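Given the coordinates of chain A, work out where chain B should sit on it, guided by the hints.
This is what each chain is made of:
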Amino acid sequence: MDTETMAAETRAKRPIRWHVGVFLAPAVLVYTAFMILPLFGTLQLSLFRNIEQSQVFVGLGNFRTLFGDPNWSVNFWNALRNNVWFFVIHMLVQNPIGILLAALLSSPKLRFTAFYRTAIFVPTILSFVIVGFAWKLILSPIWGVAPHLMDFVGLKSFFTPWLGKEQYALTALSLVSVWQFVGIPMMLIYAALLSIPDEVIEAAECDGVTGMAQFWKIKLPLILPSIGIISILTFVGNFNAFDLIYTAQGALAGPNYSTDILGTFLYRAFFGFQLQVGDPNMGAAIATIMFLIILAGVCVYLFLVQTRLRRYQF
Amino acid sequence: MKTKLLTALLLGTSILGTTGMALAEDVTLNIESWRGDDLTIWKDKLIPAFEAKNPGIKVVFAPSAPTEYDAALGAKLAAGSAGDLITCRPFDKSLELFKKGNLADISSLPGMENFSPVAKAAWQTDDGKSSFCVPMASVIHGFIYNKDAFDKLGLKVPTTNEEFYAVLDKIKADGTYIPMAMGTKDLWEAATMGYQNIGPNYWKGEEGRAALIKGEQKLTDPQWVEPYKELAKWKPYLGDGFEAQTYPDSQNLFTLGRAAIYPAGSWEIGLFNTQAQFKMGAFPPPVQKAGDTCYISDHTDIGMGLNAASKHPEEAKKFLSWVASPDFATIYANALPGFFSLNSTPVKMEDPLAQEFVSWRGKCKSTIRSTYQILSRGTPNLENETWVESANVINGTDTPEAAAKKLQDGLDSWYKPAK
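Residue numbers (our numbering), protein chains in the order written: chain A, 1 to 314; chain B, 1001 to 1419.
Only chain A is shown next, with the shape it has when bound in the complex (with noise of 0.2 Å):
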């Protein structure tokens, strides 16, 4: 028997590969179960209205009322410009420290870089409403440090109440959940950073590119595609975000809804607040909504961006 006749028994002996559907089960269960059917769940939901305390089959409506009705746009679109700000800064201030960061801790010159690792990343594992809280105190005029410490260096004239003002407050808002979350893209980098082959680096340093131009030549386009997973994360993270501005400003995402991002949105819609009835449906399309950015942004990532980054095998 020559191998090729050997190999072709071999296959058509092999038994049905059980192990991998039971491997699989326990993840696709609970994936399917609390995550797409809830999905499925949502979508459906939003195809309904109460009335007269019944579910009724209203197609489109209520992305019609989302859309058409002033009472709902108004507040759909400033929310959904606030999200976009929100995001923007992540992108902008977020994502660039986190690369330097990253790029800091990698240098072989640099000491203690497990206390800064650690101690970047710490504000990352904290709840958000202790997040939240600890900056409503370090912020407030009353009784927060930050007056103080601005006025030791001089500068207490440039203290306003961030939080209170509703040309700063979200800003403020986004460099806090910046702050909270810069060791996430740290991490990712600096694990792709040390990933980069030694060869590669001394090959660079033959060739006499080191410092600076090493990390623009050399290691930026190495690590592209995390950066790439970076935005992508912080995209989807942005545009479910509620918690912190939940905790910080209340659901009425004050002052005047200048806070007020699409999850705070649906949160008032769905659950209703003070004297607010909740609205399931309503609150089921702003969901829909949501989920069709984010999909629609997941696709632009795959299909536009990620298709097109170079990877390099080592």
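Please keep in mind that the hints were generated in silico from the structure rather than gathered at the bench. Keep in mind the model is a prediction, meaning the values are calculated, not measured.
Below, simulated BS3-like cross-link-like pairs (lysine-lysine); rule was C-alpha separation at most 27 Å, straight line:
hint	chain 1	residue 1	chain 2	residue 2
1	B	K1204	B	K1233
2	B	K1129	B	K1318
3	B	K1363	B	K1289
4	B	K1204	B	K1235
5	B	K1204	B	K1120
6	B	K1233	B	K1156
7	B	K1406	B	K1233
8	B	K1279	B	K1156
9	B	K1233	B	K1289
10	B	K1152	B	K1235
11	B	K1348	B	K1053
12	A	K165	B	K1235
13	A	K165	B	K1172
14	A	K156	B	K1172
15	B	K1058	B	K1317
16	B	K1235	A	K136
17	B	K1099	B	K1317
18	B	K1405	B	K1204
19	A	K165	B	K1233
20	A	K165	B	K1406
21	B	K1229	A	K165
22	B	K1416	B	K1100
23	B	K1348	B	K1318
24	B	K1365	B	K1156
25	B	K1235	A	K156
26	B	K1152	B	K1279
27	A	K165	B	K1405
Examples of chain B residues lying across from chain A (beta carbon under 7 Å, computed):
hint	residue
28	G1241
29	A1244
30	N1392
The C-beta atom is built at its ideal place from N, Cα and C for all residues, glycine as well.
Structure of chain B alone, referenced to chain A:
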């Protein structure tokens, strides 16, 4: 040996069995509530008082967090696991439960005759025909002031607007105290302690509120804009950075003695009594001219109803009748100074500050918050918008007229009063 063990076991089970039966004869009623703060009062004072008079009925007070209460209650009611007695939020939240058939009609419950129509209004159908919760307590708005500070600066309690601003000016000129402790960060302070506090004097309480519901008055009418104009004048008297001052901040500023006047709701009394180290007094919202009739916001805030699916409706009704009795009112009002009984029988209270608040009922006309009945049913929600606009007016980002117009436009978009 074996048989002995068996008999012992059998005996044991029989004893356990009978005790089990004895327990089963007791009916246990569960109370759903968002008032976790009141847990000890219920456990130590109210429930024992009821159980002593009604052997065989056990009552358990099972509160959940205020922010989760409505959602949790809704889920429990849907699942059939909710308690027999349900603490009622005022107006639409409870009305909705009644319409869904979750709350039983208790119009004919013995004890309901102890309440005035205004007290019952918060838990009635729009036509006033069926009641579904026993009114438990109301809260009154006014201003609490630091008596020591007033004495030190030689200030008199203001009764008119003019005196009110004169007092504020003097406190500001002296500089020791922040004239008024209020922030706009949490929005509701501005609306509830601000607009709804001073407003009734302008729109003449129930008269204006009813006219607004009937569509005879508009929020853009002078009597509804005027309170906003007053709020706009408060700005210079608030503390530094009041835009980011939260509700607990305001409470602390006042109880630490750093602020002289606190626009208040009577629910603060209990907390302030334990925290403030100085003497406190209270005055009702100042009237426009000396001699004007005064109006106060005496807002029905909390009631109790019967779960329509309760397995022990008779016992639960017995409990509700007791809640409607003057006995309950006396214990409750004294245990929670600042939550005033709505019972027509006057209740004797020990706390001087609470007495001061409740004494206004005698000389002023009572009303409830203007946005609560019917007007907050649609989108945009009038109550929420009132919070936002009141804060905007104080922050100076909206003029009183613009704020009123926004509110009225929002209301017009869905509310068509029957003419």
